[in-house]
Amino acid sequence: MPESIPAPLIIDTLKDTFREARGGSTREPLGWILSVPDTHQKSVLAALDKERALRVVTCATEDEANAIGAGLWIGGEPVVLMIQHAGLYASVNTLRGVAMDGRVPMFYMIGLLQRERDRDPKESRHSMVRFAEPLLDTFGVPHARLEGPDDVHLIPEYFRLSRARRGPAAVLVGLETS
Amino acid sequence: MAMKPEEILRAIAAARGDAICVPTMTTSPAWRSLAPDDLSIGCVGFMGGASSLGLGLALAMPRRRVIVFDGDGSLLMQLGSLATIAGAAPRNLTHLLFKNGVYHTSGSQDIPGGLSVDFVQMAKGAGYRKAYAVSDFEDFKRRLPSMLTDEGPLLVELHTGLADKTPMTDRGGQPFHQQVESLYQKLHKAG
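Protein sequence lines, in the order shown, are assigned to chains Y and P. The first sequence stops at residue 192 when you use our numbering, and every number in between is there. The second sequence stops at residue 391 when you use our numbering, and every number in between is there.
Be a bit skeptical, because a hint or two may be false.
What follows is a list of derived Cβ distance ranges for each label pair [claimed, not checked]:
1. S192(Y) to D350(P): 16 to 22 Å
2. G154(Y) to D339(P): 46 to 52 Å
3. D30(Y) to M201(P): 55 to 61 Å
4. G307(P) to E137(Y): 43 to 49 Å
5. T349(P) to M142(Y): 42 to 48 Å
6. P51(Y) to L315(P): 32 to 38 Å
7. A289(P) to D30(Y): 24 to 30 Å
If we take Cβ atoms under 10 Å as the criterion, some of the chain Y residues that face chain P in the derived model are [said to hold, decoys possible]:
8. W46
9. T75
10. E78
11. A79
12. G85
13. L86
14. I88
15. D115
16. V118
Calculated directly from the structure, the hints in this document are not laboratory data. Idealized CB from N, CA, C, for every residue including glycine.
Given only the sequences and the hints, what does the whole structure look like? Please build it.
And the structure:
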């Protein structure tokens, strides 16, 4: 059964991920969170408000987040996009144009709002949940599920993967963060 | 008489120093010929993204000026970026809006609202530090130095005619991924 992941665990993992991306440097900001606010990850976003080491840019759309992320990466900055599955659907052209065609490393944390605790996402009653993984598969975007605290190691792994393959990679946040 | 986009770009090319430039749509062919191998990256394949791409570059490189050559039709596709840019408040971002009232590349259909859309008011309302319109080339040349040095985010609505070429009539240029790689290498090689 999936479990909720505490926000501090995610934030500490993001900090470690960014420190590694900077070769161990502790320069601040350690990295950038580009967010289109996601109900599913709201506890993380609330905790990020108090964080000085990470800089958050709230974007009006996921299209913007992709393009801002490209600019930051070209400028040498590590970036994570925190969005919701609906935002993934809304921004597939930019994902394609920026992260795929542009070969820009782009790491997404995608909230699966309304994901049922007792049901595999591919069998969800909600189309927003059900289609997320098939859509990523269609675009050839590697992805993994964050099903509980034991899975946070997937955050640095898929962040590294996005850089290694010079393209998009994603983790899907199964239950609402706590 | 409306300003010529090529004249504006020529003046910018002479004045921009080491600024990173982000052209899109009809400014791209002319900019390629004026600045063929420099610190530029065109927004290709995700229309409307130039302002956001420029914002990311400006945030990553706060000591370097970033100039976006946006279009009115393009900006309408990502109009929320005005608020996102204002919220992030990059002091080094100059957002030049080439306003001709039409989607020139796709056959000059009117944009929604045509020339009556007031992007200056929109930028001010969003929270840009400064926004104004320029319709005369002599005035543009006089104000250009401050456009490149004033604290941003700054939006200048440029009232222009149509460019001589569009991405459809002049299809040259590097694919986006090559531009990404080229700019990345130049920025990081230069330290």
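Results of checking the hints against the structure:
Our hint of 16 to 22 Å for S192(Y) and D350(P) is violated, since their Cβ atoms are close to 46 Å apart. Checked against the hint of 46 to 52 Å, the C-beta distance between G154(Y) and D339(P) comes to roughly 50 Å, which is consistent with it. Remark: the range hint 55 to 61 Å for D30(Y) to M201(P) is upheld by a beta-carbon distance near 59 Å. Taken as a hint, the range 43 to 49 Å holds for the pair G307(P) and E137(Y), whose Cβ atoms sit roughly 46 Å apart.
About 47 Å separates the C-beta atoms of T349(P) and M142(Y), a value consistent with the hinted range of 42 to 48 Å. Checked against the hint of 32 to 38 Å, the C-beta distance between P51(Y) and L315(P) comes to roughly 35 Å, which is consistent with it. Between A289(P) and D30(Y) the C-beta distance comes to about 29 Å, which sits within the given range of 24 to 30 Å. Given the 10 Å rule on beta carbons, the hint for W46(Y) holds: about 7 Å separates it from the nearest Cβ of chain P.
Nearest Cβ of chain P to the Cβ of T75(Y): about 6 Å, under the 10 Å cut. The hint holds. Checking E78(Y) against chain P: minimum C-beta separation of about 4 Å stays under 10 Å; hint holds. Evaluation of the A79(Y) hint against chain P yields a held restraint, the C-beta minimum of about 8 Å falling below 10 Å. Checking G85(Y) against chain P: minimum C-beta separation of about 2 Å stays under 10 Å; hint holds.
Restraint check, L86(Y) versus chain P: the minimum CB separation of about 4 Å is within 10 Å; hint holds. A least Cβ separation of about 5 Å between I88(Y) and chain P falls short of the 10 Å threshold, and the interface hint therefore holds. The closest approach between the C-beta of D115(Y) and any C-beta of chain P is roughly 6 Å, which is under the 10 Å cut-off, so the hint is satisfied. Against a cut-off of 10 Å between C-beta atoms, the interface hint on V118(Y) holds, since the closest Cβ of chain P lies about 6 Å away.
Figure legend: structure checked against the earlier numbered hints; the only hint not met is number 1.
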